[in-house]
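Here's the letter readout for the chains.
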Amino acid sequence: AQSVTQLDSHVSVSEGTPVLLRCNYSSSYSPSLFWYVQHPNKGLQLLLKYTSAATLVKGINGFEAEFKKSETSFHLTKPSAHMSDAAEYFCVVTSNSGYSTLTFGKGTMLLVSP
Amino acid sequence: NAGVTQTPKFQVLKTGQSMTLQCAQDMNHEYMSWYRQDPGMGLRLIHYSVGAGITDQGEVPNGYNVSRSTTEDFPLRLLSAAPSQTSVYFCASSSQGGGPYEQYFGPGTRLTVT
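Keeping their order, the protein sequence lines are chains A and B.
Residue numbering for the first sequence follows our numbering, beginning at 1 and increasing consecutively.
Residue numbering for the second sequence follows our numbering, beginning at 115 and increasing consecutively.
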């Protein structure tokens, strides 16, 4: 069994300030973890993924996430928010065991003000 | 390279009508899946397929049918539309299910059932 909890439904930041989107997961097997971004009225785009290699993962557009097994967390960060980062972000877990399906978190809406 | 395509982009149905949402991919991916996205719920898996001729149910399969006769196509059929099926539907594909494989998403179909 696997599950994902995104701890905030909305996060508001000012342009130029750091971004932190929080995600906790559970998985019976060795997990793969992803962050996807969805801009308004668009499909989903992969930001980054953890696949049991390096625990600090760098993605596109300056985002990164750190896998912490002891805390079962995979928080997404960015040092300096840009207006174009305003979107909905989804944390996703799957397992490395066979044909595991993906489980999505409920999403965090990131609002960026000037 | 078209990636994952979905048709139609928008659809309005009356309760009890049936329709098919089309999904096609040109990446020779074995794994394809259908999700529905509702506000505050993230994406929930409806059905998935690990290859031509093989399909299985996801988290919310009731009211939907799928078949996979070719690698490229994975249509989703609504047998008798209900207002509860008003949602945005996304098709996705990847080279394999689970594990570290990126899912490629289509642009979505926005369905309203009146």
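Keep in mind that the hints were calculated from the coordinates and are not lab data.
Note that beta-carbon positions come from the ideal geometry of N, C-alpha and C, so glycine has one too.
Among the hints, erroneous ones may be present.
[To be verified] Each computed SDA-like pair below joins lysine to any residue, with the alpha-carbon atoms no more than 25 Å apart:
1) K69(A) with Q151(B)
2) K58(A) with Q210(B)
3) K42(A) with I168(B)
4) K42(A) with S183(B)
5) K123(B) with A87(A)
6) K58(A) with G213(B)
7) K58(A) with Y215(B)
8) K106(A) with F124(B)
9) K69(A) with P40(A)
10) K58(A) with T121(B)
11) K42(A) with D140(B)
12) K42(A) with P221(B)
13) K123(B) with L46(A)
14) K49(A) with P114(A)
15) K123(B) with K69(A)
16) K106(A) with V227(B)
17) K42(A) with G130(B)
18) K68(A) with P221(B)
19) K58(A) with D140(B)
20) K68(A) with Y215(B)
21) K49(A) with D152(B)
22) K106(A) with D140(B)
23) K42(A) with K69(A)
24) K123(B) with E88(A)
25) K106(A) with N176(B)
26) K106(A) with L159(B)
27) K49(A) with D140(B)
28) K106(A) with D152(B)
29) K42(A) with G167(B)
30) K49(A) with L159(B)
31) K49(A) with F124(B)
32) K49(A) with S209(B)
[As the list claims (entries may be wrong)] If you anchor each label on the Cβ, the simulated ranges turn out as follows:
33) S181(B) with H82(A): 19 to 25 Å
34) G117(B) with S14(A): 24 to 30 Å
35) R158(B) with S70(A): 25 to 31 Å
36) D187(B) with Q45(A): 43 to 49 Å
37) V126(B) with L56(A): 21 to 27 Å
message: Hint check: K69(A) vs Q151(B), CA-CA at most 25 Å. Holds or violated?
response: violated (29 Å)
- request: Take the C-alpha atoms of K58(A) and D140(B), compute the straight-line distance between them, and say whether it is at most 25 Å.
  value: violated (28 Å)
message: Given a hint of 21 to 27 Å, does the C-beta separation of V126(B) and L56(A) actually sit inside it?
response: Violated - the Cβ-Cβ distance for V126(B) and L56(A), about 46 Å, lies outside 21 to 27 Å.
field: Status of the given 24 to 30 Å range, CB of S14(A) versus CB of G117(B)
entry: Roughly 35 Å apart at Cβ, these two residues miss the hinted range, so it is violated.
Pairwise hint evaluation, Q210(B) against K58(A), where the allowed Cα distance is 25 Å at most: holds (23 Å)
- request: With a cut-off of 25 Å on the C-alpha distance, tell me whether K123(B) and L46(A) pass.
  value: holds (21 Å)
field: K49(A) paired with D152(B) [C-alpha distance capped at 25 Å]
entry: Judged against 25 Å, a Cα distance of about 24 Å means the pair holds.
message: Run the distance test for K42(A) versus D140(B): straight-line Cα separation, threshold 25 Å.
response: holds (20 Å)
field: 25 Å Cα cutoff - pair K69(A), P40(A)
entry: Violated, at about 32 Å.
- request: Would you check the hint for K106(A) and N176(B), treating anything up to 25 Å between C-alpha atoms as holding?
  value: holds (21 Å)
- prompt: Between K42(A) and G167(B), is the straight-line Cα distance small enough, at 25 Å or below?
  reply: Given that 25 Å is the threshold and the Cα spacing comes to 30 Å, the pair is violated.
- request: Given the hint that K123(B) pairs with A87(A), test it: the Cα-Cα distance must not exceed 25 Å.
  value: holds (20 Å)
In summary, the structure is inconsistent with hints 1, 3, 4, 9, 10, 14, 15, 17, 18, 19, 22, 23, 29, 31, 33, 34, 36 and 37 from the numbered list given earlier, while agreeing with the others.
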